[in-house]
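Chains as they are written, first to last, in the working numbering: chain V, 201 to 594; chain G, -8 to 368.
Keep in mind the hints are simulated off the structure, nothing from the lab.
There may be inaccurate statements among the hints.
Here are the in silico distance ranges between beta carbons for each label pair [to be verified]: (1) V:Leu275 / G:Ala255: 39 to 47 Å; (2) G:Glu42 / V:Glu483: 31 to 39 Å; (3) G:Asp283 / V:Arg572: 33 to 41 Å; (4) V:His460 / G:Asp102: 49 to 57 Å; (5) V:Arg456 / G:Glu26: 41 to 49 Å; (6) G:Leu(-4) / V:His460: 38 to 46 Å; (7) G:Ala255 / V:Gln342: 32 to 40 Å; (8) G:Arg122 / V:Ile535: 47 to 55 Å; (9) G:Glu(-1) / V:Arg456: 49 to 57 Å.
Which chain G residues stay away from chain V? Per the calculated CB distances, all over 10 Å, these [what the hints assert, rightly or not]: (10) Glu0; (11) Asp3; (12) Thr23; (13) Met25; (14) Val35; (15) Ala129; (16) Asp171; (17) Ser179; (18) Thr180; (19) Glu268; (20) Ile317; (21) Trp321; (22) Thr334; (23) Gly368.
Facing chain V, a subset of chain G residues (Cβ under 7 Å, in silico) [to be verified]: (24) Val237; (25) Gly241; (26) Leu244; (27) Val273.
As the structure is a computational prediction, the values presented were derived from the model and not from experiment.
From the three backbone atoms N, C-alpha and C, an ideal C-beta is built for every residue, glycine too.
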Amino acid sequence: MDDHGELVDKTARQLVEAHDPRTTPHRELLGAIFDAGLAWVHFPVGLGGLAVSRGLQARADAILQGAGAPNPFALNPIGHGMAAPTVLEHGSPELAAELLRPLASTEHIWCQLFSEPGAGSDLAGLATSAVRDGDEWVVNGQKVWTSLAHRARYALLLARTDPDQPKHKGLTYFVLDMQAPGVETRPLRQMTGQAEFNEVYLSDARIPDRLRLGAVGNGWRVAMTTLMNERSAIGGTSSVRGAGAVADAVELWARRPDLHTPALRDALADLWTRAEAQRLTDERARRAAGSGSPGPEGSIAKLVTAELNQDVYEFCMELLGPEATLYGDYTQRDIQRFEEYRGPVQQRFLRSRANTIEGGTSEVLRNILGERVLGLPGDLRADTGKAWKEIPRG
Amino acid sequence: MAEYLFTEEQQDLRRGIRQFCAEHASEQAVRTLMESDTGYDPAVWARLGGELGVLGLAVPESMGGAGGGLVDQAVVAEEFGAALLPGPVFGTVGLAIPALVALGGDEQGGDELLSDLVEGRRTAGFAVPDRGGRFDPALVTVTASGGALTGELAQVVDGSADVLLVAACDGAEIGLYATDAGTRTPLSTLDSTRRQSHVRFDGTPARLLASGAAAADAITSAFHTGAALLAAEQVGGAQRLLDTTVAYAGTRLQFGRPIGSFQAVKHTCADMLVLVEHARSVAYHAAWALQDGSDDPGLAVSVAQAVCSHAYQRVATDTVQMLGGIGFTWEHPAHLYLKRAMTDAALLGSAAAHREHVAALVLDTATSNGVLAVAAG
């Protein structure tokens, strides 16, 4: 382990000497980081890794980003955090060799085509179809809540290839070229007035069979790789006391002594205390993960953070009183998710309403905590064992 | 020791205490003791101090303790809380021993008292009023004159213990005194496993342990340590209730299915889990912070008490609700924990009192950097 740590340190130091992160263009630098095996240190040699423990990535990133390299996760979040491990695990070595370097260099941005208007929490019930035609698949359907779709070169696509099977069994996983004919991206305007996400319409879009990940009918298992990596990526949050949404409320509190009341003071102290309890719980989860025994703490983070964000901005709205009823600008603008979000308070309040829906609703997360962490029995399902095409939809 | 990483020894300690409590503080034993005169089993207490040596784990070896740290003692407090172990845990382990340790064992006769408490030969209560878990000299009404105390305290937890540590004013300054006398009148308490007494002194002879700043510092230190240990106890009780609720929800059948398969029940259990995990994080952070000096002790303790008091109460009331009718009976132990949860929440400052401390430490000192925009229309 120590030898591997030294290998990572040495490789990273050599890289920043050979390619000064402050002067090398981002794509060239990130390509060199891939070639050196520092993109994902736990990946095989030659595919962006050094075949060492995943825990050593933090050491590489500390040296690279400390010297001024960009965080690749911020530039290509779905590609770097979710597509890369899925392609590596379920694609052929040739496919991985073809796709991973341009992904790592951010030449190719990636997006994810999972959710549909008729398949949100029940993702496995999705309806987008893929029908085989020789060496190709013909795809038809509609996807929604896709961030970065209009900038993405490739998409992770989950589609139904056998409607006669129960819902989990008839799915197949593909990589879709977003520039292929029949792929149309439209911005989706949300309640803030902005368009942060997209709808993607697929009309006889064709995918070569070599871009299939995993066996036909095995798409759900491949999707689990993607989703588990999504959760672990979300879990790695900052651990600075008082940071996050609650910092906005404290900032507003400090700036507006004219609006202070004892009841609001107690409410804000409660929010701050809850944020601190969650920060410490994240810290405890990190320590447990580092010692090889992850506990239930990690599953809690998404649920609590989402609800806390909402409570924080509701507090801000209440503090502001009539001023909260003003709004800057509803002009539709396209913005990028994962970019630093710096809108006015009222916009942050509206945006926070999505926090308990996106990336797993709070209802689904409570089911996960109840069933997978506490071991409570699952709910009765109306679709168990039924062919997908016989399940009522709407 | 890195925060949140329990050593092998600490895990052994937890297993050992849990086993001891299963044998000596079973539900049946607790029910028998809570209806007894003393409220606890002095022989069990003596074994905890003597044979097991778990009453002074954070006491330095030079003062006759185990020389461990507060985290060790918190592990024990958590297990005591899970079992509702009857005995003067709060007064003796939570407050009196930490106060004597803070005094450094230099005071006259304090050494012998400390080792008696640590080894379970004597018990102690802490007759010092607090305002929301903080020391406030203005609340001290007992007076001292020529080594004798006069005055009364309406409620002292473990007030019928062998020795009371008493804050009293001699007209010039506050001192911390020790006395084994005074009139102690047991009170009928909400929680029968945690006893309280009315205490009255009428020219009662007492020994001065420390006065002025030394006494105030020792009292503050004891309140901090006591609050951190109380938080660990709250974690233990809340976790036990969560386990009870989950076990019940997984086996109780209604409408032909386990009630835990209904989301109304399952989601309540998930919320209880979040409360317990938050409580565990803040309670052990407080213990580690006091042990290592790694955080502002007042802030760490107030966060712990604000979170744990709320969590234990909420988990206890939810437990009663999830259990339905059986949870309202005398026969089921849920009410014993509910009563402990309400009592613990009131001791050393309510959740609201500690939120007030957090507000004073965090909000009143906050400054604006002017970065956040507010839309002006």
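Hints, verified against the model:
Checked against the hint of 39 to 47 Å, the pair V:Leu275 and G:Ala255 passes, with Cβ atoms roughly 43 Å apart. At about 36 Å, the CB distance of G:Glu42 to V:Glu483 agrees with the hint of 31 to 39 Å. Remark: the range hint 33 to 41 Å for G:Asp283 to V:Arg572 is upheld by a beta-carbon distance near 34 Å. Between V:His460 and G:Asp102 the Cβ separation comes to about 50 Å, which falls inside the hinted range of 49 to 57 Å.
V:Arg456 and G:Glu26 have their C-beta atoms about 56 Å apart, which leaves the hinted 41 to 49 Å range violated. The beta-carbon spacing between G:Leu(-4) and V:His460, approximately 41 Å, falls within the hinted interval of 38 to 46 Å. A hinted range of 32 to 40 Å for the beta carbons of G:Ala255 and V:Gln342 is consistent with their spacing of about 34 Å. For G:Arg122 and V:Ile535, the Cβ-Cβ distance of about 50 Å falls inside the hinted range of 47 to 55 Å, so the restraint holds.
As the Cβ distance of G:Glu(-1) to V:Arg456 is approximately 52 Å, the hint placing it in 49 to 57 Å holds. With a closest Cβ-Cβ approach of about 16 Å to chain V, G:Glu0 is found to remain outside the 10 Å limit, as its non-interface label requires. Chain V leaves G:Asp3 outside its interface by the beta-carbon criterion, the shortest separation being 17 Å against a cut-off of 10 Å. Every C-beta of chain V lies more than 10 Å from that of G:Thr23, the closest at about 32 Å, which supports listing it as non-interface.
Taking the minimum C-beta to C-beta distance to chain V, about 30 Å, the non-interface status of G:Met25 holds against the 10 Å cut. At roughly 32 Å, the least C-beta separation between G:Val35 and chain V is larger than 10 Å, which holds for a residue marked as non-interface. For G:Ala129, the shortest C-beta to C-beta distance to chain V comes to about 22 Å, beyond the 10 Å cut-off, and the non-interface label holds. At roughly 40 Å from the closest C-beta of chain V, the C-beta of G:Asp171 stays outside 10 Å, upholding its exclusion from the interface.
Residue placement check: G:Ser179 keeps its beta carbon more than 10 Å from all beta carbons of chain V (closest about 33 Å). Interface exclusion of G:Thr180 from chain V stands, the closest Cβ pair being 29 Å apart, more than 10 Å. The non-interface label for G:Glu268 is inconsistent with chain V: the shortest C-beta to C-beta separation is roughly 6 Å, within 10 Å. Under the 10 Å C-beta cut-off, the non-interface status given to G:Ile317 relative to chain V holds; the minimum distance is some 18 Å.
With 10 Å as the threshold on Cβ separation, the claim that G:Trp321 sits away from chain V holds: the shortest Cβ distance comes to roughly 27 Å. At roughly 22 Å from the closest C-beta of chain V, the C-beta of G:Thr334 stays outside 10 Å, upholding its exclusion from the interface. The Cβ of G:Gly368 does not lie farther than 10 Å from every Cβ of chain V; its closest approach is about 3 Å, which violates its non-interface assignment. Among the interface hints, the one on G:Val237 holds; its C-beta lies about 5 Å from the nearest C-beta in chain V, closer than the 7 Å criterion.
Annotation: G:Gly241 was flagged as interfacial toward chain V, and the flag holds, the nearest CB pair being 6 Å apart, inside 7 Å. The beta carbon of G:Leu244 is not positioned within 7 Å of any beta carbon in chain V (closest approach about 10 Å), and the interface hint is therefore violated. Interface restraint check for G:Val273: the shortest CB-CB distance to chain V comes to about 5 Å, inside 7 Å, so the restraint holds.
Checked against the numbered hints listed earlier, the structure breaks hints 5, 19, 23, 26; every other hint is satisfied.
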